[in-house]
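Trainee: Sequence:
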Amino acid sequence: MTATTTAPAPTPVPPPRRRRRSYRALQPGPGGVVLRYVLLAVASVVTLFPFYAMVVLSLKPAAAVEFPGSLLPWPIEFDAYATVLDSRDILRWLLNTTIYSVVSVVAVLLLAAMAGYAFAKKRFPGRETMFWSFLAMVMVPYHVTLIPTFILIAKVGGVDTYWGLILPTLANAQAVFLMRQFIQGLPDELFEAAKIDGASEWRMFVRIVLPLCKPILATLGVFVFLWHWNDLLWPLIIGQSGDMRTLTVGIASLQKEQVPLNVMLAGSVVAFVPIFAAYLVGQRYFTEGVTMSGIKG
Numbered sequence: 000m001t002a003t004t005t006a007p008a009p010t011p012v013p014p015p016r017r018r019r020r021s022y023r024a025l026q027p028g029p030g031g032v033v034l035r036y037v038l039l040a041v042a043s044v045v046t047l048f049p050f051y052a053m054v055v056l057s058l059k060p061a062a063a064v065e066f067p068g069s070l071l072p073w074p075i076e077f078d079a080y081a082t083v084l085d086s087r088d089i090l091r092w093l094l095n096t097t098i099y100s101v102v103s104v105v106a107v108l109l110l111a112a113m114a115g116y117a118f119a120k121k122r123f124p125g126r127e128t129m130f131w132s133f134l135a136m137v138m139v140p141y142h143v144t145l146i147p148t149f150i151l152i153a154k155v156g157g158v159d160t161y162w163g164l165i166l167p168t169l170a171n172a173q174a175v176f177l178m179r180q181f182i183q184g185l186p187d188e189l190f191e192a193a194k195i196d197g198a199s200e201w202r203m204f205v206r207i208v209l210p211l212c213k214p215i216l217a218t219l220g221v222f223v224f225l226w227h228w229n230d231l232l233w234p235l236i237i238g239q240s241g242d243m244r245t246l247t248v249g250i251a252s253l254q255k256e257q258v259p260l261n262v263m264l265a266g267s268v269v270a271f272v273p274i275f276a277a278y279l280v281g282q283r284y285f286t287e288g289v290t291m292s293g294i295k296g
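Quick note: the sequence shown uses numbering that gives the first Met the number 0, first residue 0, plus one each step.
For the record, the hints were derived by calculation from the structure and aren't laboratory data. Hints may contain errors.
[As the list claims (entries may be wrong)] Here are the simulated DSS-like pairs of lysine-lysine, each with C-alpha atoms no more than 30 Å apart in a straight line:
hint, residue 1, residue 2
1, Lys-194, Lys-121
2, Lys-194, Lys-213
3, Lys-213, Lys-120
4, Lys-194, Lys-120
5, Lys-121, Lys-213
Produce the entire structure from the sequences given, and follow the hints as far as they go.
Mentor: Pasting the structure below:
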């Protein structure tokens with residue numbers, strides 16, 4: 000008769016103690032909260048003060064500026080805005096700037112989306128080398144390529160023309176990079192299902208890529224519009240006549256003509272309004288586009 004031995008029951012291992020995260024230690028005290036709001040209020044005042052001064056001084060009569068009396072919001076006159084809007088030059092400059100900015104935004108977004116789609120979802124020899132070579136353009140200072148670009152445009156007759164103003168700004172490496180980063184995060188199953196259904200490359204681009212890229216397209220649209228609307232150097236060089244001046248070049252030229260300060264600031268306010276309107280239109284996609292394009296890839 001053999002004796003059977005029973006194995007001892009395993010000693011239960013106590014569950015690991017969860018570390019209690021002290022969120023209270025991360026939260027600032029009452030003094031820290033007050034200091035935070037004070038710093039935010041000071042930063043807001045410093046940021047908004049130039050815009051406030053620009054608007055208030057544009058509503059003042061043409062007289063010597065005295066501080067701080069000139070910064071008071073009274074008396075108010077709209078003579079400077081009447082002068083700006085009645086001027087043929089200002090309206091011509093506004094038209095030139097609108098054409099330059101809107102056409103550039105549409106062309107840059109379309110080309111960047113197509114290039115980003117190719118670099119993100121297509122396989123072809125030399126793809127990575129081509130992409131990083133194109134991205135290396137960001138490290139080249141803009142002023143280095145300014146003179147060669149002007150010589151090329153001048154030789155083909157692009158001086159004092161809209162296409163000569165717009166064409167050199169369409170190759171935007173930053174826009175291509177952001178579009179590639181965003182499109183890389185799109186599921187490959189969508190494109191595989193579209194191929195099974197017989198969709199062409201152009202149809203996949205229009206029906207899948209563009210609708211899903213609305214956040215980054217809106218974000219890039221605001222940035223590109225802002226860059227072109229405020230561009231000074233290239234329009235100054237390529238626009239030789241007064242009829243091809245943009246708002247930035249035209250307002251800068253008013254300083255040589257002894258134009259009153261309130262009229263110059265009124266022109267600056269007119270130039271600022273479309274930028275602010277463009278931001279309001281793309282505001283709902285702005286934060287989402289910046290966040291997603293920075294994370295993916």
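Trainee: Check the structure against each numbered hint from earlier and tell me which ones fail, lowest number first.
Mentor: The structure conflicts with no hint, since it agrees with every one listed earlier.
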